[in-house]
Amino acid sequence: MESGGFLARCPEPCAAAADPDDGDARRGGWRAAFFLVVVGFLERIGFFGVQGNLMLYLTGPMAMSTAAAATAANAWGGTVLVLTLAGGLAADSSGLGRYRAVLVASALYLLSLGMLTASSSSMAAQRATSPPSSSAGGAVVVVFYAALYLLALAQGFHTPCAEAFGADQFEREGDDDGGGGGDARRPASRSSYFNWYHFSISWGYVISTTLLSYVDENVGWTVGFAACWATMVLYLAVFLLGTGTYRRAERPAIDGAAAARRAWTARFFFFFSRNRKDAAEQLLEPQEEVVVVVDGHGDGGRGFFLVKLLPIWLSSIVFAVVVSQVSTLFTKQSSTMDRRVGGGGGLVLPSAGLQCLVSFTYIAVLPVYDRMVVPLARRLTGGGGGITMLQRIGAGMATACLAMAVAALVEARRLRVARDAGLVDRPGATVPMGVWWLVPQHVLVGVAEVLAVIGLEEFFYDQVAGELHSVGLAVSQGVMGVGSYASGSLVAAIDWATAARSGGGESWFADDLNRAHLDYFYWLLAALAALEVAVFVYLAQRYDYKNKSKP
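At position 275 of the sequence shown (counting the first as 1) the number is 275 in the numbering used here, and the numbers step up by one without a gap.
Quick caveat, the hints were computed from the structure, so don't treat them as lab data. This one's a predicted model, so the numbers in the text were calculated from it and none came from an experiment. The reader is advised that the hints may include incorrect statements.
[To be verified] Pairwise CB distance ranges, derived in the manner of DEER restraints:
id, residue 1, residue 2, range
1, M372, P440, 17 to 25 Å
2, G428, G244, 53 to 61 Å
3, L524, V373, 30 to 38 Å
4, R340, D512, 19 to 27 Å
For each residue, glycine too, the CB sits at the ideal point set by N, CA and C.
Input sequences plus hints: build the corresponding full structure.
Structure (C-alpha cells):
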C-alpha cells in the first residue's frame, strides 16, 4: 500500500524489469505502464458507454419493465465480471499470455460494438414504422443480446489481463512471492500503479456517463454505440504503439487439469485428515505452486488457496451488491427527478449523468490517498505500507453501508414529495425535487470503491502465486459479478414476494417509482452491509498475509 511515483524519474530502471528474452533492462516500469493506463482509460469510455446507459436502453427502445430491466442488467453485469475469471485463466494457464489476451479483447470489442451499432440502427428503423410501446423484433433482439454477451466476453479478457500486465511491468524474475531480492521501490510503484490506473479509468467513466449519455439521449443510441466502437479502435492502436516498451516475459503455463485434481485432493485431506496441515503439505510437496495454491508463510507451510482466500471473497459480496445499484436503481431514481441544470429550461442532465460523480470521487480522492493518506499512515504506524490491504477494504465496506442508509433517507423524501405533489399515479411526471439530492449517495459509493475495489484487486493480485496474477485480479473482480447476480436475484425475489403479499398489487420495484419502495430495499442493503462489516473485521483480524513485508 505504499505510495509510488507516477511521474517520478529514476536514474536507472528502478521499476523496470529485465526482459530475459532480449536482455533489454530498460523495458517495463512506468514508461510501459503508461500505455496500459491510457488503454484502460479508452476501454472505460467504450465499454461503459454501453453499460452505464443499459438500464435506460432496456426500459426505452427495448420496452422492458423496471424490474425486468434491472434483473436483465444485473444478470449481464454479473456475467461481465464473472467472465474475467475465464479470461484470467485463459491467459495464465495456457500459452495465450496477457499481451495476446488484450489483443483478443480488442478484437471482441470491435466485433461486439459493431454488432450493437447495427442492431440499434435496425431497431430505430423498425420503431419508426411501429407504435412506440411495441417491443423489438425477434432477429434484432437476438443480435442485440449476442452483441451484449460478446461484449461481456471481451471485458472478461481485458479487465484482469490489461491491469495485471501493467502491474507486471514493475516485477523482475525472482521477485515473486515476496522474496528478499530486488529493488524495494518496485512494490511501492506497483501499489501506486493500481491507484493511478483507477484514476485514469475514472476519467473514462466521466466521459462515458456525461458526453456519451448525452449523445444517447439527445442524438441517438446508434451514434452513441458507434462512438464506443471508434474509441476501441484507438484502444487497439495505443496498445500496439507501446509494444516495444513492454516486459512480456511470461511464466510457463500451468497444467490446469492436473493442478485442479491435486487441489481437490488436498482439499479433501485438509478437511478430513487428523493432521490437516501435514496432509495438505504432503499432497502439494511435488510442486511448489499449482493453480489454486499460495504460500502460507505465517504457519510455516503451504495453505490452500480456497480455504485461505475464499472467506475474504465471500465476505465482499454484499459490498458488490451495493455498488451494483449505481448503474441500475440509482439511475432509475434520477430519471424521475428534476434534472435541469441551473433551474432553467435549458440543459438537462442525462439520467445516468450522476454516475460520473463516482468517477469524480475517484479522481479527487485517489491522489490525496496516494500522496497524503498513505505516507501519513506510514509515519504514524512505522510500517512499510501504513494501511494494510484488508484495512483499506474494510473501510470501503463501512462506507458502502453508510451510502445505503443515506440512499434510503433520500428515497423516502422523494416519495413524500411525489405524494405531496399528487404524482403517485403519474409515472411520467417529473417529481419536483432536484436530482442533486442523489449526490451524497453517489459520492459515498465512490469513496467506498476507492477503498474497497482497489484494495480487493491489490490484495488478490498480491496473495496468489506469481504466474496467476491475472487469475488473482479476475477473482477479485468476480466478486463484483457475483454481487450483480445476487442483486438481480434479490430484486426478482423481493419483487415477487411484495407483489404477492399485496394480492398482485404494487411491489417495492413497481414501474411507477412513486408507488414503489426503493427506500425499503436500501435499508435492507444497509443492514446486510453492516453485518458484512462485522464478519469481515473478524476474518481480517485472523488473516495471515503471504508477503508480510508489504501488506
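Indicate whether the distance between the beta carbons of R340 and D512 respects the range 19 to 27 Å.
-> Check passed, 22 Å falls within 19 to 27 Å.
CB of G428 to CB of G244, is that within 53 to 61 Å?
-> holds (56 Å)
Per the hint of 30 to 38 Å, is the separation of the Cβ atoms of L524 and V373 within bounds?
-> About 32 Å separates the Cβ atoms of L524 and V373, which means 30 to 38 Å holds.
That 17 to 25 Å hint for M372 and P440 (C-beta), does it hold up?
-> This hint holds: roughly 23 Å between Cβ atoms.
Going down the numbered hints, you'll see the structure goes against none, and every one checks out.
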